[in-house]
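Undergrad: Take the two lone chains and join them into the complex the hints point to.
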Amino acid sequence: MGGISRRNFLKLSLGSLVLSSISIDLTPVKSYAATELKIRNAKESTSVCPYCSVGCSLIVYAKGGKVVQVEGDPDSPINQGALCPKGASLLQMANNPYRVMEPLYRAPGATEWKKVSWEWALSEIAKRVKATRDKYFILKDEKGRVVNRVEAIAHVGSAALDNEECYLLQKLMRALGLVYIEHQARI
Amino acid sequence: MARKALLITPDLCIGCRGCQVACKSWNDLPAEKTKNNGTHENPPDLTGYTYNRIRFIEKVNEKGEVQWLFVSHRCLHCGEPACVEICPVKALKKDAETGIVYYDKNQCIGCQACQAACPFNIPRYDKNGKISKCHFCIDRVKAGLSPACVKTCPTGAIKYGNREEIIKEAKAEGYSVLYGETELGGLGVVYALKASPKEYNLAENPKKPENLIAMGQMLRTLIEKGVALSPSVLKDIGLIKG
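Heads up: the protein sequence lines correspond to chains A and B, in order.
Position one of the first sequence corresponds to residue 1 (my numbering), numbered consecutively onward.
Position one of the second sequence corresponds to residue 1001 (my numbering), numbered consecutively onward.
Only chain B is shown next, with the shape it has when bound in the complex (with noise of 0.2 Å):
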């Protein structure tokens, strides 16, 4: 198996938000409560239970006229993942065929060290406080089927393959800006775009952080110690802002 790779292609999205329940659907994920925040865009924010959503972005042009931008938001599956390289007990992982970044939720012992790792800021936790986020489908994936969101998507704004073949497709097509074509070692989800990735309030430039493997060399040793991780322990030792 090559690496795999979604290409969102937000022009062609419709904003139908096929995608958001197809996800619910297949995950097994309830619903949440949510509020009215003066736009279409629902849910606010990435959480526990939600794997992925669309950001409805109004944006007025230059010629004055209000464009209405649909972005996909979920976790950007990267070549060189923070996550996973911060990740004290190795919940965390990389699968070598695909490039999906995936989690085992026994494993995790929820020290949201990955949150505070991640370029994107994307890792949610459960009510139990365990890693969740989008994890690719790596169990359809696997079994040869593409992803929920993949398979739902009415337009073709969501289109999964070798990723070597759909950047290929994409520049074909005429998209002139590939967000994620080379940013933090090719990411496994790639925006063809006919703008700048700033108009799409996407992260121009994402890093990781400079001392991640310092971290999480520090976090292993701590946890040798005996030393039992949690977000308060994180927030003491700084990794934690707030």
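For reference, chain A alone in the conformation it holds in the complex (with noise of 0.2 Å):
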């Protein structure tokens, strides 16, 4: 850029300005195995590994509403930008045919599943667990001890919950009387 003057710079910057707004891809075609790329003028934006306990920090590039890469982020210093092969596979599962969008539902004795909302499926859950709660709740023992207490529900947590999530689902749990809380990690 030694020789470029003032003016022509200014001429220089215009132009790409106006380019830029009409965006059209300049850059040379280049003759590597990979032509360009691929995550050049993606979104990046942060996310958690699902898997596992550890929940490692990632960076998701996204075109056009799109995810195009999934990568380790390296500024997280619980992965610094590392992936095991499960977290390193993750593009998957966002771009994936067999990935379930909505909710669905399998009435007691139907055998197909069929899609439905999540506010009728968010709604039903909480019906059914305050029926249940309210049926079996257990207010005193044999011994007439007040134990206020849930034996008809149980909760199974799975080692992809965080410290946070297990908090919160602890306190939930309690909340509803429940005594049977349980982790997988555990099994």
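The hints are simulated quantities; they were obtained by calculation from the structure and are not laboratory data.
Do not take every clue at face value.
Below, in silico cross-link-like pairs of lysine-lysine (DSS-like), each with a Cα-Cα straight-line distance of 30 Å or less [claimed, not checked]: (1) B/Lys1241 x B/Lys1198; (2) B/Lys1194 x A/Lys63; (3) B/Lys1127 x A/Lys63; (4) A/Lys38 x B/Lys1207; (5) B/Lys1171 x B/Lys1194; (6) A/Lys130 x A/Lys171.
Computed footprint of chain B on chain A; a stretch qualifies when at least three of its residues, placed anywhere within it, have a C-beta under 8 Å from a C-beta of chain B [unchecked claim]: (7) 59-72; (8) 75-82.
The beta-carbon is built from N, C-alpha and C at its ideal position, and this holds for glycine as well.
TA: Next comes the structure, spelled out in structure tokens:
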């Protein structure tokens, strides 16, 4: 850029401003195996790996609303950019023909799953939890001691839960009166 | 940009194969059918859609202990790449800056001479018969990023950097054997070992084919004469065996 005068520089910047506003990619096509860096101009968002309780940080690269690459976040003190094979495969979790996109419901005795709305599914779960809890709530044990517990519902957590999620679940389940609160990692 | 290299330290590898998956993710390579071969090694070989994999080597040492060695299997990006020398259409290239051996599928005619010439039997072919192998993520390297396998490696078993510097570092860390430091003009993938390369099933004293230059000239002459080179033609002239 050494030989560019101020006038020419302005012309160049104006030119590239116009070009960038009509978004034409002027980069020369390279003869590499992959012709263009696929995360070039992609939108970067941070996320957390959903698999294990380590909770590695991710950068998700998206173009036109479609995920094109998922990598570890180098700024994270947890994984420092690294990912295990499960974490490294997250691209195919986002882009997968088998991905379930809406809640499915199979009524008792039914053989087929049917699509339902989130609203219906969540309120139905809440209704049934409340019905079971109310029906089987134990106020006092056989010796008359106040116990306030529910033995008819159990909760199983998973290793994918992080600290904060475990805390919230524990709070909710204890509030409902559950005593059978288990964790997949203990099985 | 100085010559780049990967430093692979099998002693640090835990065999998680994050590198294999990260490679597939970055290069948008599909999964392939595999089979259980009685070990955890999977997939069983490099293919047109698997550019790197970890070899699982089970050995019993002198003390009678079982050793489980994890060794990266991929293109080693030779300093004097036989594949580039023999390729009659210059589809295989060596990057002048970084020393990376890469390729252009559009130029490849699928004659498979590169596989015949490769001292490590690395090049594979996709379903269209075009060359496929590790290209050192040259797109990432040129953009200032590390290759996908390096970035994902949780233990630092694959390191990336300027070749001279990472070799110096490996020596300072006490690795006595640096496989690839001098072999074939110095490999772009260097293995830091504490035992002989043989222990890790790495080819000792790899050599380019003796008639490489003559064969390359012959292939180019054939193309000039209008012969459509293919694996069967190369078999006829004895370049591909079997």
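Undergrad: Now, for every hint given, state plainly whether the structure supports it.
TA: For each hint, the structure was consulted:
no.	hint	result
1	B/Lys1241 x B/Lys1198	holds (25 Å)
2	B/Lys1194 x A/Lys63	violated (45 Å)
3	B/Lys1127 x A/Lys63	holds (28 Å)
4	A/Lys38 x B/Lys1207	violated (36 Å)
5	B/Lys1171 x B/Lys1194	holds (11 Å)
6	A/Lys130 x A/Lys171	holds (16 Å)
7	59-72	holds (count 4)
8	75-82	holds (count 3)
Violation of the numbered hints given earlier is confined to hints 2 and 4; the remaining hints are satisfied by the structure.
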